[in-house]
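Novice: Below, each chain spelled out in residue letters.
There are 2 protein chains.
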Amino acid sequence: MLALLSAVALLGVHAASSAAQNNAGAKTLAERLGYTRDAKLIIVHADDVGVTHSVNAATVTALGTGLVNSASIMVPCPWFPEIADYAKAHQDADFGLHLTLTAERVYYRWGPAAPRDKVPSLVDENGYFWHDWNPGTHIDPKDVEVELRAQIDRALAMGVRPTHLDSHQYRLIMTNKELFAVFVKLAHEYRLPFFVTRDWFAQYPYLEPSLGPSDIVIDHTVTIEPSLPAEKWADFYTTALRNLQPGVTEFVIHVAYDNDEMKAATRERATWGAAWRQRDFDYFTGQEFRAVLEQQRIKLVTWRQIGELQQHQP
Amino acid sequence: MLALLSAVALLGVHAASSAAQNNAGAKTLAERLGYTRDAKLIIVHADDVGVTHSVNAATVTALGTGLVNSASIMVPCPWFPEIADYAKAHQDADFGLHLTLTAERVYYRWGPAAPRDKVPSLVDENGYFWHDWNPGTHIDPKDVEVELRAQIDRALAMGVRPTHLDSHQYRLIMTNKELFAVFVKLAHEYRLPFFVTRDWFAQYPYLEPSLGPSDIVIDHTVTIEPSLPAEKWADFYTTALRNLQPGVTEFVIHVAYDNDEMKAATRERATWGAAWRQRDFDYFTGQEFRAVLEQQRIKLVTWRQIGELQQHQP
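First to last, the protein sequences are chains A and B.
Residues in the first sequence are numbered consecutively from 191, following our numbering.
Residues in the second sequence are numbered consecutively from 191, following our numbering.
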């Protein structure tokens, strides 16, 4: 009986997996977006919008250059109302929701969008999201569903029309199959594309079989090594752009201004800190990035374009 | 029967009132603090600590000068953990809790410390505290009690040892007798002095009869007219100090730095805004204030000293 169940499970995996591959085999994502199979396409995606005013201000400026062309918003954070107001007034901007289940800073914190006692496994003894999860932290997928629904509903109620969903700190991707299933379920229910890339399939084998046949998978992702020395910043990105594979690659970046607020909010560690984020801002709004894009004939695509493919699918 | 009830109620009022007056008649607050009856004593009290990093940083600097000598903390606000950490490391600092029931800004907001569904009358449709209360906002005193208890308990759990309680935007003082009763009840329960001044008794006749016989009443309070022109700032405070009455006066001030974060958090109106709060910081940490204190022989007292009187009372 166990052997039979395993065989059925395996069969299920193969069926889903081959459906996805057939789909991809027929037409690549680049082709579906109207480009040739060897086109190099990127989404330059700023994470963590809403977390501080510094991040909001830097993101709005970066989007204004056209070089950063997509971003995602943390609904439970204190500065969400500011960016919701901006998103409502700029319905053409490519804003997704950066679904959030942690409050990873020390001196500046936030809690769930859902009533705290409805999501007990997500909060610490003071009512904030956990600072971090360790193997002993039992996260209840039912709580995750309640919380993510509260975040999406608050965003909709406050005038945000998200183009996609993604996951803060990849918690919904890299924790376990159950949390990923909640992510996929809500994305389907709200009819939104969500960020998952083929690059993660080998390390997280539950991802691919959890996808539906019409879910879109991003080909690749690039994000900077958190501990890279400051002087290697531009080199890292420029090299990544020069070595870009054909297909769609999401650059996951984090922009902010290195000012008092951001310094204080992130002062316990340098990674993803104020100066760290200022470097991302400087590179992706600067001349070197613009020149490499041109030289390598790299085109920018948005989550809105990807979402439109999904909606037009039979 | 109604007449009888009224007579009893009146009797109750007179009893409490004359108890308070007898107390005051015996020894003034100044005398109980060890000064003469004609001494001019002030508490220079910075409100709203925890609301932003800018307010926290300016408050810590202002307390460091010794010219601002007391402050109170908003527990539900995002930067509470930063000031809780500071308070825990500086147990001698005179920090009270600035009990908070509103989120009065537009682009930067917070919600209750209690689970949201336990305090339904306090929150708007997006889960934040109401931006403002109007005559149609029904605030349930039971919700207020649940929320204030959650704020005090979170502060204690995170290492703050408050010296006093006061009320953000005076909501617990100036709304109605029921909310004031919750304030007094919790102050008694947690054995903390709370900010109420004789200056308010005429306008809010429920205040005085709601007090217990050992509650301490501050003689006077001074706070700046919100719409005063910037160039009149120093004149207003210096004149108030020159005309100071004998007894204990609390100067209710609001310090912050006029920086990007504070500008953004308060940009919808100038009153209590970033530049407005910078002016309070500049005056109360500056030479003119120091000189007037000396010239007028005004002494500074803290809430800690006032709380000690209460604890030593039989």
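One or more hints might be untrue.
The list treats identical chains as interchangeable, and a pair is accepted whether it falls inside one copy or across any two copies.
The list that follows gives simulated cross-link-like pairs (lysine-lysine, DSS-like), each with its CA atoms no further than 30 Å apart [to be verified]:
hint, residue 1, residue 2
1, K278, K453
2, K230, K489
3, K308, K332
4, K375, K308
5, K278, K489
6, K453, K375
7, K278, K217
8, K489, K217
9, K217, K367
10, K332, K453
11, K375, K332
12, K308, K422
Calculated from the structure, these hints are not laboratory results.
Novice: So, for every hint listed, does it hold in this structure?
Specialist: These are the hints, each one checked on the structure:
no.: 1; hint: K278 x K453; result: both (29 Å within a copy, 21 Å between copies)
no.: 2; hint: K230 x K489; result: within (6 Å within a copy, 72 Å between copies)
no.: 3; hint: K308 x K332; result: both (10 Å within a copy, 20 Å between copies)
no.: 4; hint: K375 x K308; result: both (19 Å within a copy, 29 Å between copies)
no.: 5; hint: K278 x K489; result: within (27 Å within a copy, 53 Å between copies)
no.: 6; hint: K453 x K375; result: neither (37 Å within a copy, 40 Å between copies)
no.: 7; hint: K278 x K217; result: neither (35 Å within a copy, 61 Å between copies)
no.: 8; hint: K489 x K217; result: within (19 Å within a copy, 81 Å between copies)
no.: 9; hint: K217 x K367; result: within (28 Å within a copy, 71 Å between copies)
no.: 10; hint: K332 x K453; result: neither (35 Å within a copy, 40 Å between copies)
no.: 11; hint: K375 x K332; result: within (12 Å within a copy, 38 Å between copies)
no.: 12; hint: K308 x K422; result: neither (45 Å within a copy, 51 Å between copies)
Checked against the numbered hints above, the structure violates hints 6, 7, 10 and 12; every other hint is satisfied.
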